[in-house]
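J.: For reference, the chains in residue letters:
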Amino acid sequence: MADSRVAVPGKIVRGQPFEVRISIRHPMETGYRMDNAGKSIPRNVIRSFTCRYNGDLVFSAKLSSGIAANPYLRFFLTAADSGELVFEWVDDAGTRGSDHAAITVGG
Amino acid sequence: MTRRLILVAAIVACASAMAQTRAIAPADLRSGITFAGDDVRAMQEDEFGNPGMLWVEKGARLWSEAAGSDGKSCASCHGDAKTAMRGVAARYPAYDRVQTRVVDLEAKIADCRTRHQRASPLARESDDLLALATYVAHQSRDLPIAVSIEGAAKASFERGRAFYYQRHGQMNLSCAQCHEQHWGKRLLRETMSQGHGNAFPAYRLEWQTLGSLQRRLRACLFGIRAEMPAEGATELTDLELFLAWRAQGLSIETPGVRR
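The listed protein sequences correspond, in order, to chains V and R. Numbering that gives the first Met the number 0 puts the first residue of the first sequence at 0, with every later residue one more than the last. Numbering that gives the first Met the number 0 puts the first residue of the second sequence at 0, with every later residue one more than the last.
Among the hints, erroneous ones may be present.
[As the list claims (entries may be wrong)] Below are the DSSO-like pairs computed for lysine-lysine, each with C-alpha atoms no more than 30 Å apart in a straight line: (1) K71(R) <-> K10(V); (2) K71(R) <-> K107(R); (3) K57(R) <-> K61(V); (4) K10(V) <-> K57(R).
[Stated by the list, open to error] FRET-style restraints, in silico, Cβ to Cβ: (5) A41(R) <-> S47(V): 27 to 35 Å; (6) P16(V) <-> D69(R): 48 to 56 Å; (7) D69(R) <-> A36(V): 26 to 34 Å; (8) Y31(V) <-> E124(R): 54 to 62 Å.
Simulated from the structure, these hints should not be mistaken for lab results. A virtual CB, placed ideally from N, CA and C, is assigned to each residue, including glycine.
Please take these sequences and the hints and turn them into a complete structure.
T.: What follows is the structure in structure tokens.
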């Protein structure tokens, strides 16, 4: 369940915004659906998502039932130094997922 | 005498090739993606944004992960999928000598897993089997479909063709009535495609997940209120072979994105 893909540019210029993309494999079960027996399927969506850069929180998102399955997030950051981006998320079932990407800052 | 025999053989070969003329001429073949909107097309073409790539990535991991009592992975025998599996999906469904029947890519992978890896069987439409099939088919991306309908595969092909032209269900429709006679026209807000399977396994937005061609075929049968053969049923495999033959020349797009 904790499958994800991350994309960051290979070369990042100090102080210049760069694009971060992450796509996470998750059913994002809305909680509004019934199974074949008419029983309600409990909600299970990724509730919170965070991105830390060398330990500092630089991006976070609250997700809800309105977000499609396998959410794809795209945002921009600026960095002063090379380091590591750590992505973490948690869903309604309490399952935690994480991914990371090394960034190299030049210029 | 020999020359005459060759001539006769050539005439017979020509005649059988002509008997297999496709209803949609090769020049008019159009992949389902050409009927989709710009947004769906952009999603498929974006190597990162294409959600099907999540399954490709999972398949790559499973490819080299040991399974079963002998501790063998797919890679133990086949090596690097990028070279070993290039072009393989384009030949499926194909006759399998060991199973003595025509199998699609999913059935071949599932059989390989139990027979050679001696691992627990993978259910059809299970996430692991879909991931492996998507990963293998992805290695043939941009290669044209080229299946064999001769010899041992012929009977399956003929059954598939009969199924395709047979009217089914409460709506009394055959596959051909929409996808051969009326493709390009509107059905409510959808444009009817030619019904090719070259993008499968594909990520379908309606499903919010990735699914096999058989799942798509079952959904189509459900749509015309017909009986749905079970997953892995011979009827569906036969139909897959016929569909691959009528799509020959179209490039594989796995993982495709469809509405």
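J.: Please go over all the hints and tell whether each is borne out by the structure.
T.: Status of the hints after comparison with the structure:
As the CA atoms of K71(R) and K10(V) are separated by approximately 39 Å, the hinted pair breaks the 30 Å bound. A distance of roughly 17 Å separates the Cα atoms of K71(R) and K107(R); the hinted pair therefore holds under the 30 Å criterion. Taken as a hint, the K57(R) and K61(V) pair is honoured in the structure, with Cα atoms around 26 Å apart against an allowance of 30 Å. Annotation: proposed proximity of K10(V) to K57(R) holds, straight-line Cα distance about 27 Å (limit 30 Å).
Taken as a hint, the range 27 to 35 Å holds for the pair A41(R) and S47(V), whose Cβ atoms sit roughly 29 Å apart. Judged by the Cβ atoms, the range 48 to 56 Å given for P16(V) and D69(R) holds: they are separated by roughly 51 Å. As the Cβ distance of D69(R) to A36(V) is approximately 40 Å, the hint placing it in 26 to 34 Å is violated. Take Y31(V) and E124(R): their Cβ atoms lie about 23 Å apart, and the range 54 to 62 Å is violated.
In this structure, the hints that do not hold are numbers 1, 7, 8, in rising order.
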